[in-house]
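2 protein chains.
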Amino acid sequence: MQTGRQTWRFPSRPRITGSASIVGAKEGDGPLGSSFDAIERDAYFGEPSFEKAERVMFERAQRLAVKHSNCSMNDISYVIAGDLLAQNISASFSARTHSRPHLGVFSACATIMEAFALAALLVDSQNGERVLVGASSHNSTAERIFRYPTEYGGQKPQTAHCTATAAGAAVIAAQGEGPAITEATVGRVIDLGISNPWEMGAAMAPAAVDTLRAHLQDTGRTTLDYDWIATGDLGRVGHPLARQMLLEQGIDPGHQFTDCGILLYDAQQPEVFSGGSGPGCCTVVTLSYLLKKIQEGKNKRIMVIATGALLSPLTAQQGDTIPCIAHAVTFEG
Amino acid sequence: MQTGRQTWRFPSRPRITGSASIVGAKEGDGPLGSSFDAIERDAYFGEPSFEKAERVMFERAQRLAVKHSNCSMNDISYVIAGDLLAQNISASFSARTHSRPHLGVFSACATIMEAFALAALLVDSQNGERVLVGASSHNSTAERIFRYPTEYGGQKPQTAHCTATAAGAAVIAAQGEGPAITEATVGRVIDLGISNPWEMGAAMAPAAVDTLRAHLQDTGRTTLDYDWIATGDLGRVGHPLARQMLLEQGIDPGHQFTDCGILLYDAQQPEVFSGGSGPGCCTVVTLSYLLKKIQEGKNKRIMVIATGALLSPLTAQQGDTIPCIAHAVTFEG
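So the sequences go chain by chain: A and B.
So the first sequence is numbered by full-length UniProt numbering: it starts at 1 and just counts up by one.
So the second sequence is numbered by full-length UniProt numbering: it starts at 1 and just counts up by one.
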């Protein structure tokens, strides 16, 4: 089954039989707003704290994905989930409500593709019949952990990202209808020495390039074999950098090279800066926008290379540089 | 391959071909001190911060495990690692030094068994030839995140745990000599409503019981089929509670029922309270003490049920209860 040093192939073609995306107001007002299953205009989701709001959003997405997959939570073999908050609390706390065997994963904003990869591996190796994956982020929980208290109103440079309020979940199953997961390329941790947390797009671009290059090498394909190649959230600064780096390595990413962080918001929306980020961003853009192109028969093969900046507030304060990672998953019709 | 709803079986018997454990002074002074590969008496490991110290300890353990496995880092297909610090920084930052494809996992103090389970799955499904797993914790990094600044000298109740300064790593391979990983049981998140972070043993006991019960049900075995059944770090408070809960469910855990958190320290050592904890605790006790019994031919089958409390300082401050999880792995000679 091993095609190369970083890529897994899934010959049984595990299917995404159902998914759901729930987003906040700003994401709902963006160009993909009509694609999402629910837009919640109350940033608190009716809860007393933003952290509990994120949890509730995540729980709703998971329940809705299971419903869209025409099964019940008891039919789920395993749940694989993660988020951006310290100690993965959105994933862990939302897991209390379903009581299914649970695997916590962490790759920052690349978390959902790690979850997809492991879920497809579980289904393909016949160790799970239906695996629920999910990832979430909330602008207001990320702001107060990674940046400043919102009330402080700190100014940001245009290279900054806007953490998406978004949660997505999907059921990957051995049987059923839906886009298939055919390959996953596990990324390496790359750190080229950027220490400025306002420059995450630039920091993450080399990781996306490294994983794309490994994927093409492992599969023997070219970028022309994909209808879309979407990076996770490099944004308007990091995405052109990735394109330039690929061209320098002799890889033409073509016009089908896009970015979930750019797709999520309109550049004219207030305070979106270089684009969306957070584990929820790439998750809901993939589930509700990119995969719909496969479901509607418009596209046959899409690759998403989710990128993650593996920093923490503590490492930033201690002057550390930012290790980054990118995991890629191939979806086919 | 699926034996039940929570247990994976690995018919190809992936082997632990090499491992390493590095610990701090208190762990080195404990009853298992002579079992470990290195005892570092400088809590800073020569670094300017405790976080960087944990990272260096983790890197050393990974390099030594690869060396003990008679291979080089380039022979490692994937690395699966995690720790207790916010945003998994010890695992992510140590990954910069090896440049191998990396999967971050998080199950708090149960992290190493999630890593073992996924590594064995990768090797058994022929998607990886050699997978490096690891987990770490450092008393001084955990203290200042989860409890109080050490300098504050806050008093603790006897139900508290002592987070171990310990990092362990192991190579799981398709070929070679060493204890085999034959099964893994993925735990469910259990939360019985305990909100006091000084009572983690009591909070985690129900998760250990739930996973042990599921494991026995999935495999059709009894506790007598194991030479040792070790919980992760329930400690002197949680472990007797788990025994009592098992007896109430008609499961006699027998005299072979032990606990890594109790084994790591002598109860007479200063400030060990109810026993060790932290992802490093169960990791080094398993690798350097329990698995040696298999290597020396004394034991044939050992199960370790690592337990994790999935809380964060933020959830504790917001008055949340503590979701817990336990993952079990069976090791055979």
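Possibly wrong hints are sitting among the right ones.
Residues from chain A that face chain B, not an exhaustive set, calculated with beta carbons under 10 Å [unchecked claim]:
no., residue
1, Arg-5
2, Phe-45
3, Ile-89
4, Leu-121
5, Asp-124
6, Leu-224
7, Asp-225
8, Pro-240
9, Glu-248
10, Gly-308
Now the stretches of chain A that chain B is said to cover, found in silico as 3 or more residues with beta-carbon under 8 Å [what the hints assert, rightly or not]:
no., region
11, 47 to 60
12, 67 to 73
13, 91 to 104
14, 269 to 277
15, 288 to 296
16, 310 to 317
Don't read these hints as lab results, they were simulated from the structure.
These figures come from a predicted structure and were not determined experimentally.
From the three backbone atoms N, C-alpha and C, an ideal C-beta is built for every residue, glycine too.
Next on the checklist: Check the structure against each numbered hint from earlier and tell me which ones fail, lowest number first.
Outcome noted: Per hint list: 2, 6, 7, 8, 9, 12, 14 and 15 violated.
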